[in-house]
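Colleague: Sequence:
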Amino acid sequence: MIFGIGGPELRFESKIIPLPFASSYTSLPLCSCSRIKIQKSHPPGSRTKREGKSSPELQEQNPSTKPPTRLVSSTGSITSPLLYKEEGDVLRKFSFSELKNATNNFNRSQWIKNGQFGNVYKGLIKPVKPAGDQGAHLVLVAITKLYNHSMQEHKEWLSGVEFLGVVEHPNLVKILGYCLVDDEKERQSQRLLVYEYMPNKSLDYHLFNTTLPPIPWMKRLQILLGAAQGLAYLHQGLETQVLFGDFNSGDVLLDENFNPKLSEFGLERGQVRNLSYVRTVSFYASPEYVHCGHLKSNSDSWSFGIVLYEILSGRRVIDRNLPHSQQMLTKWVKQFPADSKIFCMMMDPRLDNQYSLSGARKVAKLADSCMRNNPEDRPTMSEIVDVLQESIRDSEDESQNPLPESST
1 MIFGIGGPEL RFESKIIPLP FASSYTSLPL CSCSRIKIQK SHPPGSRTKR EGKSSPELQE
61 QNPSTKPPTR LVSSTGSITS PLLYKEEGDV LRKFSFSELK NATNNFNRSQ WIKNGQFGNV
121 YKGLIKPVKP AGDQGAHLVL VAITKLYNHS MQEHKEWLSG VEFLGVVEHP NLVKILGYCL
181 VDDEKERQSQ RLLVYEYMPN KSLDYHLFNT TLPPIPWMKR LQILLGAAQG LAYLHQGLET
241 QVLFGDFNSG DVLLDENFNP KLSEFGLERG QVRNLSYVRT VSFYASPEYV HCGHLKSNSD
301 SWSFGIVLYE ILSGRRVIDR NLPHSQQMLT KWVKQFPADS KIFCMMMDPR LDNQYSLSGA
361 RKVAKLADSC MRNNPEDRPT MSEIVDVLQE SIRDSEDESQ NPLPESST
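Quick note, the sequence shown lines up with residues 1 to 408 if you use the UniProt record's numbering.
Simulated from the structure, these hints should not be mistaken for lab results.
Where a beta carbon is used, it is the ideal one built from N, C-alpha and C, also for glycine.
Worth double-checking, as some hints may not be accurate.
Said to hold, decoys possible - Computed beta-carbon distance windows for the label pairs: (1) Ser325 x Met218: 46 to 56 Å; (2) Thr211 x Glu153: 19 to 29 Å; (3) Arg350 x His291: 32 to 42 Å; (4) Ser95 x Asp397: 12 to 22 Å.
Unchecked claim - Below, in silico cross-link-like pairs of lysine-lysine (PhoX-like), each with a Cα-Cα straight-line distance of 25 Å or less: (5) Lys331 x Lys341; (6) Lys362 x Lys219; (7) Lys174 x Lys126; (8) Lys155 x Lys201; (9) Lys331 x Lys362; (10) Lys93 x Lys122; (11) Lys113 x Lys174; (12) Lys122 x Lys100; (13) Lys219 x Lys155; (14) Lys100 x Lys155; (15) Lys122 x Lys174; (16) Lys174 x Lys201; (17) Lys100 x Lys126; (18) Lys113 x Lys126; (19) Lys100 x Lys201; (20) Lys341 x Lys365; (21) Lys334 x Lys365; (22) Lys126 x Lys93; (23) Lys113 x Lys93; (24) Lys100 x Lys219; (25) Lys113 x Lys100; (26) Lys201 x Lys219; (27) Lys201 x Lys122; (28) Lys334 x Lys362; (29) Lys93 x Lys174.
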């Protein structure tokens, strides 16, 4: 992901600012918050309060936890008054020992995944303040222990962390805190980030895992819409524009109700050789980014188009287990134009024909427009949001009966 200076009109200047950080959370008086301002007028629903609907009590427990301690998700309403030391705090600075205890010394049983930027663990955070007569509550969070290859200075990293701490949107994973420790003996530092916990993992986990129930058609559209709204906010809702560069289905996390939230926005993706060099090579990255290092907001539109086709087909962007002619999704789908009679042959068979044909065609046409070679010809994320809303309306209007065999 890269930051560029963009205006509310979703235009991206030719300059690309080198990404100053990997993400986290802060209650310290850091260095650059005054230089980064959130627009006063946000799109409706773009900012949310920390108080929200409480999630059901989760069943996971730390072995060191003693009853009757209750466990709540970090998305629950109880999080707000408990995590922060002072009213109005945006981020919390954790000690290394706090996060070490939260993860049972980063025990394998608490491990979630090897992320692109570090190992991710689930952990239980103790509240700052007692929770009245209800007893202590432990907050379930995700903790990323970042790899030590970053070349960023602490001041630069903390500056970026502080910016991410004020970014808030219902379709963005909230960063709750951070930990920064210098180890002079080992000549290295420890950087850890604390996020709200997303119990249903990621979109790709559910989309490509055949042992799990398939995601229904309407839920797929709703996930796409939420992801597009999150990207539109990163592109348009902030004075400092945030770009992914290689947005993919693994960046879409799902909460307890399968509501989508984007993760890893604002995280550094490798070292920068110079500003015109490609930071990350990905099957999701646009041609201008891969070949020239040019990154615009419409570069994310290209990546989103690939995710659209993943949602439609239930296939990965690349799958080496398939016959050679079918391994590259973007090439394979060209055999099935959106208006053709054979279009349905590319749809995910796990949907069992339970989808809106007109809605699916509209999504496929949108995907094609997202992957136009000229970035200026691609739709903006705001325009993508509009088309997805139309697709949802089409799907709601159509009969939910299975499609007739003759349509395939």
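Colleague: Now look at each hint and say whether the structure bears it out.
Modeller: Do the hints match the structure? See the list:
Restraint check, Ser325 to Met218: a C-beta distance of roughly 32 Å breaks the suggested window 46 to 56 Å. Taken as a hint, the range 19 to 29 Å is violated for the pair Thr211 and Glu153, whose Cβ atoms sit roughly 45 Å apart. Roughly 35 Å separates the CB atoms of Arg350 and His291, a value that falls within the hinted 32 to 42 Å. For Ser95 and Asp397, the Cβ-Cβ distance of about 55 Å falls outside the hinted range of 12 to 22 Å, so the restraint is violated.
Taking the CA atoms of Lys331 and Lys341, the gap is about 18 Å. The hint holds against a cut of 25 Å. Taken as a hint, the Lys362 and Lys219 pair is honoured in the structure, with Cα atoms around 16 Å apart against an allowance of 25 Å. Taking the CA atoms of Lys174 and Lys126, the gap is near 18 Å; set against the 25 Å cutoff, the hint holds. Distance restraint check for Lys155 and Lys201: the Cα-Cα separation of roughly 32 Å exceeds the 25 Å cut-off, and the hinted pair is therefore not satisfied.
Between Lys331 and Lys362, the direct Cα distance comes to roughly 19 Å. Compliance with the 25 Å bound is thereby established for this hinted pair. Distance restraint check for Lys93 and Lys122: the Cα-Cα separation of roughly 17 Å lies within the 25 Å cut-off, and the hinted pair is therefore satisfied. Under the criterion of a C-alpha separation no larger than 25 Å, the hint pairing Lys113 with Lys174 is consistent with the structure, at around 18 Å. Taken as a hint, the Lys122 and Lys100 pair is honoured in the structure, with Cα atoms around 11 Å apart against an allowance of 25 Å.
Between Lys219 and Lys155 the CA atoms are separated by roughly 42 Å; this puts the pair beyond 25 Å, and the hint is violated. Of the supplied pair hints, the one linking Lys100 and Lys155 holds, its CA atoms being roughly 24 Å apart against a limit of 25 Å. For the hint pairing Lys122 with Lys174, the CA-to-CA distance comes to about 15 Å; that is within 25 Å, so the pair holds. Restraint check: the Cα-Cα separation between Lys174 and Lys201 comes to about 15 Å, which is no more than 25 Å; the hinted pair holds.
Pair hint Lys100 plus Lys126 holds up; C-alpha atoms about 12 Å apart against a cutoff of 25 Å. At roughly 23 Å between alpha-carbon atoms, Lys113 and Lys126 fall within 25 Å of each other, so this suggested pair holds. At roughly 22 Å between alpha-carbon atoms, Lys100 and Lys201 fall within 25 Å of each other, so this suggested pair holds. Under the criterion of a C-alpha separation no larger than 25 Å, the hint pairing Lys341 with Lys365 is consistent with the structure, at around 15 Å.
Only pairs whose Cα atoms come within 25 Å are accepted, and Lys334 paired with Lys365 is accepted, the gap being roughly 11 Å. Note on Lys126 and Lys93: the hinted pairing holds, with a Cα-Cα distance of about 13 Å set against a maximum of 25 Å. With a CA separation close to 23 Å, the supplied pair Lys113 and Lys93 stays within the 25 Å bound. Restraint check: the Cα-Cα separation between Lys100 and Lys219 comes to about 37 Å, which exceeds 25 Å; the hinted pair is violated.
Our distance criterion of 25 Å between C-alpha atoms is met by Lys113 and Lys100, whose separation comes to about 17 Å. Taken as a hint, the Lys201 and Lys219 pair is honoured in the structure, with Cα atoms around 15 Å apart against an allowance of 25 Å. Distance hint between Lys201 and Lys122 is fulfilled; the C-alpha atoms sit about 12 Å from each other, no more than 25 Å. For a cut-off of 25 Å, the pair hint linking Lys334 to Lys362 stands: about 15 Å separates their Cα positions.
For the given pair, Lys93 sits about 15 Å from Lys174 by alpha-carbon distance, which is consistent with the 25 Å threshold.
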